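From just these sequences and the hints, can you work out the full model?
Okay, here's what each chain looks like letter by letter:
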Amino acid sequence: MISQRDAFFKRVYELAKENRNIIVISADMGTSALEPFKRDLPGQFIDAGIAEQNAINVAAGLAIEGKKVFVFAIAPFITMRCYEQIRTSICMMNLPVTIVGVGAGVSYDEAGPTHWAVEDLSVMRCLPNMVVLNASQSLDAAMFAEFSSEAQFPVYVRFDRKILPEPELRHKRPDESLTANPEEADLLIITTGNMFQRAVEVAEELKAGVIEIFEFPIVKPTIVDEIEGKKQIVTLEEHTLPGGLGSAVLEVLSDNNIQIPVKRIGMDISKGYCYQYGREAIQKHYGLDKDSIIKAIKGRINHEKPDEPAHAKWL
Amino acid sequence: MKAKAKELRKTVLEMCIKAGTGHVTSCFSCIEILVALYYGGVLRHDPKNPKWKDRDRFLLSKGQASPLLYAILADRGFFPKEDLSTFCQPDGKFGVHLQNDVPGVECTFGSLGNGLGIAAGMALAAKKNRQNHMVYVLLGDAECYEGAIWEAAMFASHNRLNNLVAIIDRNHLGVTDWTESMLALEPLEEKWTSFGWAAGNTAGHNETILGVFRELKYRRNNIPTVIIANTTKGGGLPSMSNDPKWHGIAPAGEDAERARKELL
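Order-wise, the sequence lines are chains R and W. In this text, residue positions in the first sequence follow our numbering: the first is 9, and each later residue adds one. In this text, residue positions in the second sequence follow our numbering: the first is 160, and each later residue adds one.
Since the hints were made in silico from the structure, they are not lab data. All values reported here derive from a predicted model rather than from experimental measurement. Treat the hints with care, since some could be wrong.
30 Å max Cα-Cα, derived BS3-like pairs, lysine-lysine [as the list claims (entries may be wrong)]:
#1 R:Lys18 - W:Lys286
#2 W:Lys177 - W:Lys240
#3 W:Lys286 - R:Lys25
#4 W:Lys252 - W:Lys177
#5 R:Lys46 - W:Lys212
#6 R:Lys25 - W:Lys177
Quick list of simulated restraints, FRET-style, between CB atoms [claimed, not checked]:
#7 R:Cys134 - W:Asn381: 54 to 60 Å
#8 R:Lys228 - W:Glu416: 44 to 50 Å
#9 R:Met9 - W:Thr335: 33 to 39 Å
#10 W:Lys207 - R:Asp263: 41 to 47 Å
#11 W:Arg235 - R:Ile266: 54 to 60 Å
#12 W:Asn208 - R:Glu118: 52 to 58 Å
#13 W:Trp337 - R:Ile266: 58 to 64 Å
#14 R:Glu154 - W:Pro262: 32 to 38 Å
#15 W:Asn291 - R:Ala119: 41 to 47 Å
#16 R:Gln160 - W:Ser340: 44 to 50 Å
#17 R:Asp55 - W:Ser340: 34 to 40 Å
#18 R:Glu118 - W:Glu345: 42 to 48 Å
#19 W:Arg235 - R:Asp55: 36 to 42 Å
Partial list, computed: chain R residues near chain W (C-beta under 7 Å) [what the hints assert, rightly or not]:
#20 Pro50
#21 Gln61
#22 Asn65
#23 Val66
#24 Ala68
#25 Leu70
#26 Glu73
#27 Lys75
#28 Thr96
#29 Ser97
#30 Met100
#31 Met101
#32 Asn102
#33 Pro104
Cβ coordinates follow ideal geometry from the N, Cα and C atoms, glycine included.
And the structure:
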């Protein structure tokens, strides 16, 4: 088994050997995946130190001059610390820079909420020109390397820090979402990233279909074709609810005038940040463990009154 | 140089009066700097081929001085001078801040603090491509409050980007106040020296600045250079200079007439 990060950089390294214009900028990331660049391609590797704003601006300058740049750091820092630079220096000029963030969701579990990336999907997918790729397995990662090395626009690639189980399901085609969507299922779970495996477990119990979204903006046929005839949609993500996958799905449904009830399951911001350690404990805190998810879905199907959000008591 | 600076002052003033907006005083403090670069034989450029690969790059990081750069680019022949009258007009070609879809403009600027890092990236690309052109970037002095400037300063000296020249338009004013009473920038030259740059001060409103640019050719060091050009915000326009109330404002009515007379 290989991590998404390692699979990605292994492929980028192969591509960089053929293309001297590929440059990797690291913001002081210590990983063996970068060693081959330092060893064999030192002219194509730059360490910017822990200075994400400058890493992005330097990437923009290199890209203006025709370089294909990958900027790599921990996901919350390489998105939100330098968000303004990404917006102004990269997206406004539509430069082909790929931002690579490791640590999707709460995968830096023991590091604490400073290191989580649970808002990045919202803030990155709303940027004009930006394409966000969110991996659920290392197979995706190698494909993402090829996609982003050819992209003529900004890309944000979002990886889990952990080595995730490889689901038995595979992409039908490289550009197609993972899917297990039996036609007879009334319930469809739409998920992204590490929650794909959890969605499959839940779907087995509830006899539901699953589709995985890895590209934002969501390519319309990816879900529009799959949701036909469904009675209930559930979105599942290890990310805060405002602006995340659930919002993205609702946008597609709204834009296409599709009226199917949607239950969003993700991190409720009324629960704040937390200092629990271990991914399972954190997931449980936010109701993202298998039992809580099943309970939430059954509650929706049975028309139970939703739990009042914690902030309701302030009102 | 004097005559060209005067002509450009008039052009910029009229652009901004017509638009009813624009950063007149921010433009006037750096006019001689840009005149030296574009008319003094410093910046290699080809108006007929704005993307000429061996051109020297010029980045106007203080993007609020866009009307000045537009006026110069039009005067050099990058695009028709008539376009200048569309500055900040409905369906016009330019807004207040610098946009990279204008021929001769390298980069969009408006958000401060990003120019030096982008310039460092461009200078690094030139090194990697074994190209000999220079990268010049003009920073506002109050822009140096941005942390990204100092991240880039560290990066540029570490990577020995001796093809990078930063010019600081040291007019001593931010939007609302004098820099030294708002948040002291001094000792500014020592800050840059300690970040590994070759740093120096010069007068910014006469031919001295051109001499400084010309001398750069004879440098033999392997570190980037910063030139702190001492200027006056609104320089050349006594009624609007050294007064924060004129930041980002175009004169109108009697003020406009007075400004026009001062430029005669």
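Is it true that the C-beta distance of Cys134 (chain R) to Asn381 (chain W) lies inside 54 to 60 Å, as the hint says? violated (43 Å)
Status of the given 44 to 50 Å range, CB of Glu416 (chain W) versus CB of Lys228 (chain R): Since Lys228 (chain R) and Glu416 (chain W) have Cβ atoms about 58 Å apart, the given range 44 to 50 Å is violated.
Can Pro50 (chain R) be said to touch chain W, with a Cβ gap under 7 Å? Where the cut-off is 7 Å and the nearest Cβ of chain W is about 11 Å from Pro50 (chain R), the hint is violated.
Hint validation: Glu73 (chain R) versus chain W, beta carbon distance must be below 7 Å. Holds or violated? holds (3 Å)
Please check whether Gln160 (chain R) and Ser340 (chain W) have a Cβ separation lying inside 44 to 50 Å. holds (48 Å)
Given hint Lys177 (chain W) paired with Lys25 (chain R) - CA-CA distance at most 30 Å: Violated, at about 55 Å.
Verify the interface restraint on Met101 (chain R): the C-beta must sit less than 7 Å from at least one C-beta of chain W. It holds, given that the least Cβ distance between Met101 (chain R) and chain W is near 6 Å, below 7 Å.
Take the shortest C-beta to C-beta distance between Val66 (chain R) and chain W; is it under 7 Å? holds (4 Å)
Ser97 (chain R) was flagged as interface toward chain W. Is the shortest Cβ-Cβ separation under 7 Å? holds (5 Å)
Supplied distance hint 42 to 48 Å, evaluated on CB atoms of Glu118 (chain R) and Glu345 (chain W): The hinted range 42 to 48 Å holds for Glu118 (chain R) and Glu345 (chain W), with Cβ atoms some 45 Å apart.
How about Ala68 (chain R): closest beta carbon in chain W under 7 Å, or not? The hint holds - Ala68 (chain R) has a Cβ within 7 Å of chain W, the shortest such distance being about 5 Å.
Verify the proposed pairing of Lys286 (chain W) with Lys25 (chain R), using a straight-line Cα cut of 30 Å. Distance ~19 Å between Lys286 (chain W) and Lys25 (chain R) Cα, so the pair holds.
Hint compliance for this structure: hints 6, 7, 8, 9, 20, 32 and 33 are broken, all remaining hints hold.
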